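Number of protein chains: 2
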Amino acid sequence: MRHSASHVMAEAVLSIFPEAKFGIGPSIENGFYYDFDLPRSLTPDDLPVIEQKMGEIIKADLPFIHKELTKEEARQLFASQPYKLELIDEIPDDKVGIYEQGAFVDLCRGPHVNTTREIKAFKLTNIAGAYWRGNERFPMLQRIYGTAFNNQKELDEHLAIIEEAKRRDHRKLGKELNLFTTSDEIGSGLIIYLPKAGRIRAIIEEFWRQEHFANGYEILYTPHIGLSKLWETSGHLDFYQENMYSPIDIEGQDYYLKPMNCPFHMLAYKSQLRSYRDLPLRWAELGTVYRYERSGVLLGLMRTRGITQDDAHIICTPEQMNDEISEVLRFSLHIWHVFGFQKYKVYLSTHPEKSIGTEQMWSDAQDALRKVIDENKLEYEVDEGGGAFYGPKIDLKIEDALGREWQMTTIQFDFNLPERFDMVYTGADGKEHRPYMVHRVLLGSWERFFGLLLEHYGGAFPVWLAPVQVKVIPVADRHLDYARKLETEFKSRGVRVEVDDRSERMNLKIRQAQLEKIPYMLVVGDKEAADNSVSVRCRSGEQMPAQPFTSFLETISADIANKV
Amino acid sequence: MRHSASHVMAEAVLSIFPEAKFGIGPSIENGFYYDFDLPRSLTPDDLPVIEQKMGEIIKADLPFIHKELTKEEARQLFASQPYKLELIDEIPDDKVGIYEQGAFVDLCRGPHVNTTREIKAFKLTNIAGAYWRGNERFPMLQRIYGTAFNNQKELDEHLAIIEEAKRRDHRKLGKELNLFTTSDEIGSGLIIYLPKAGRIRAIIEEFWRQEHFANGYEILYTPHIGLSKLWETSGHLDFYQENMYSPIDIEGQDYYLKPMNCPFHMLAYKSQLRSYRDLPLRWAELGTVYRYERSGVLLGLMRTRGITQDDAHIICTPEQMNDEISEVLRFSLHIWHVFGFQKYKVYLSTHPEKSIGTEQMWSDAQDALRKVIDENKLEYEVDEGGGAFYGPKIDLKIEDALGREWQMTTIQFDFNLPERFDMVYTGADGKEHRPYMVHRVLLGSWERFFGLLLEHYGGAFPVWLAPVQVKVIPVADRHLDYARKLETEFKSRGVRVEVDDRSERMNLKIRQAQLEKIPYMLVVGDKEAADNSVSVRCRSGEQMPAQPFTSFLETISADIANKV
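Keeping their order, the protein sequence lines are chains A and B. Okay, so the first sequence: first residue is 3 according to the numbering used here, each after it adds one. Okay, so the second sequence: first residue is 3 according to the numbering used here, each after it adds one.
Hints in this document: simulated from the structure, not taken from any laboratory. Treat the hints loosely; a few may be bogus.
Put simply, identical chains are the same to the list, so a pair is met inside one copy or across any two.
[Stated by the list, open to error] Dumping the calculated DSBU-like pairs for lysine-lysine here, alpha-carbon to alpha-carbon at most 30 angstroms: (1) Lys97 - Lys122; (2) Lys565 - Lys493; (3) Lys23 - Lys55; (4) Lys231 - Lys347.
What you are looking at is a predicted structure, and each value in this text was computed from that prediction instead of being measured.
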């Protein structure tokens, strides 16, 4: 139905721009698009006009008619459509399919709905530029996105989510809340975290570290560059070089910015002789790696060139593997719960055709992954043969407040690096053995995780993360002393507080604090100063009952302790 | 006297190696050295032989005789000494001074003691290689180091300190305690911090962050690379390029590893309009920068290529400057005290001839620095004209447990970057003003600070920093349950504990825990398990009285809280 809607949109565009050249017009998740080569640039004002035409076409209840032509016939039919001619040339068969409705005919395999009337509820959502075939050396076309649903209610719900997603766009919120910035002087995909984001990051990183320590992890710190030798041993220069940056020359030797932390952890392992008594080792690092991404695909915090991964490497004996994987999964879900994410999907990717490691290793590893998923009573999908050549993996997709899914956590076996670095431990039998190794990223990357958090909370961070937790707003200058007294008491309890001491109107101050999404605003005047109380307003606009200051201090301290 | 001792050493060497060629032989702090070109490599066994000869020369009470020669006469005298001939050529005068004692004559300005007998107590300490003129393109000579004092007692004290410094060498301790490692595969001057050091670093960094937050600082996180444009604006490509690494090419543009964090903080400042109401800003970052150092000068943690600076930039109005500087100094000394450093020296470096900024700015800034030193009643030395071209500064030299001084903290005005980045704020008058800016490093760099800490504590970190704070040692296997019970209770109180559950002899376990410099060892047997008590041994070997477990838990919790 969405694909049919794209044909209807194309017919509408053709009726407005008879000279239009057509690219492709597929259906996509929740919608569709079509790429056009038009005599002028579209503006948002064009969309209602196109929508009206589409309405007329739908109302006319035109049938979608399928035909098969020879290539030669098709070439004649699309003689004035250069993009279609290109597509025709690439079809291996001699026969090509077309679909026709009303005045529009398209090269198309289908299928389609029977008539245009079956398109129940639709909406054109936005216009974007798109290179023909996604290649910047080809012409830039104009892409119109639309969406269609079985009824108006579903469409409205979908549009509401899109609207909310726009309001929560992390780039927009990042600017409004002064969280991060980028600069042409620094270069694309490189982020400066401003003080408020720096505060949140410091809180989360410390939480992350303490949770890791409490769960038996240790933390390493490793350099950001390493000699070519290292990346040859690890295989990155063979298999990953297109994601790495050009080398730095130091005294005639090539150093590379690290695209991954792993090789440094392997060397840390090899810095000492290891015995089975030392295992399992659980080594984590918040290491910033640098990976090449084309500037065209960079997107806010979601796709950057500097990526702070919350890596861990678990190095263990074969016997320890089951328990270790189980712990990693449990630990990951625990952390996601703390950040308010309750829903996730689990994907298991298994043995591909081309791989290293023995059959035994693969089946042990896959059994361990499957068993752990089962023990945790999680539903999952299997991507048969979808593992990397070096091992099977579990991926977690996390669902956010808007129901969108984000691929974040990966738990991945690696049979490759232990071989390449010749990692061994002495077993209870006195002989050398090769350990198993699992890579894990939990939050994924700090950059992307922070972007997700921002959108998930819509910038209204829970109290324990809010850069400013309380704004004290004196009604008049004479209440400033009382406000300062509260400030001192908050600070002594580790509560992040600001006093708005400007000579502005109270309502303006409240509005500004609300825009900053500060959880609590305390408005203090004569009454509050007299009986040591506070009048508390939440950022939602809700007014809490007037209460003694000490009682509010307990409330907010509990919020912080409970991470809400 | 030390310079005279170097001549005596040279005479002794000459008597053993008549064909010796002589480089230079100055006095240095606490000692002297002489560089020789000899027919064979010296070994430590040679030193007593040379010392004995020196003893004979000293006993012979030979006078030091000064003469002046023409250059021509000197050239004849030193005809067989190529290094001396080089030095003679460089003397601008026609007259050159020589000193003669016994069989040895040296090109030398003096002064010297009267006779060799005035050299009271001496010792040759070690042998090292040293390039002629410190340049690796010239021949490698053999350098003998020695030391001399007015009496045997002073000499013995000095030698004891040298011995202790060797025992505390951070490279030796780093290996013994498994704290850090380096690797030829990564490259020189790049450090991997292993789990125990990672733990200490995480503790110190969190302490550093909390102290900064509590003292009104905010924390930024910035990338490790930036476009050439940024380093042109900042002036680094003009004035600092020899310390920077070769560029990385990304899509045809040059990016450089950052040698400093400052330019990123300047851009953070410029990401918003700033008003006088926003100032002062105190922005700190634990940013890892990369600076070129010749591989020959790299030294353990003390001189590395990756340097994690604890930078801060204080941006303020001229009126705020005095208070800000005062706070920076107070804060710095506070932090040093926490780490157990009580003694320091203060150096003030002032207006050099070549500089930027107005006379007013320089005198304001210098007055502020001087005033703050005076207010804190600190003694200081002035290095007249020793400031950088962009501003005056205060340096703190910290004295460690062995009485050695370390240049760590710098508080430095910068009139340059605010100009180059055109930083402004809107004053109360509604006009644009240029802010003052102060750079500060407090600990200096994490690498060097950690090296200093290691040597200062001799690896026996105070309880709050010790990676493992308590080792529980069950006397026999049947006491393991009790040991595990203690472990659980310690962990629930956040105490870092390990149980030595190996089937080894108790004395071996105690010895190993002592070698690991773990603050407390709890040996638990029948008696302890029966009455819930512990028998506590300190790493010093001292035995604490037997006590209830709860009482020890209070003791160690207090240690941690009080940072001892």
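Going down the list of hints, with the structure as the test:
no. : hint            : result
1   : Lys97 - Lys122  : neither (32 angstroms within a copy, 107 angstroms between copies)
2   : Lys565 - Lys493 : both (18 angstroms within a copy, 21 angstroms between copies)
3   : Lys23 - Lys55   : within (18 angstroms within a copy, 100 angstroms between copies)
4   : Lys231 - Lys347 : neither (39 angstroms within a copy, 44 angstroms between copies)
Hints 1 and 4, counting from the list given before, are not met by this structure.
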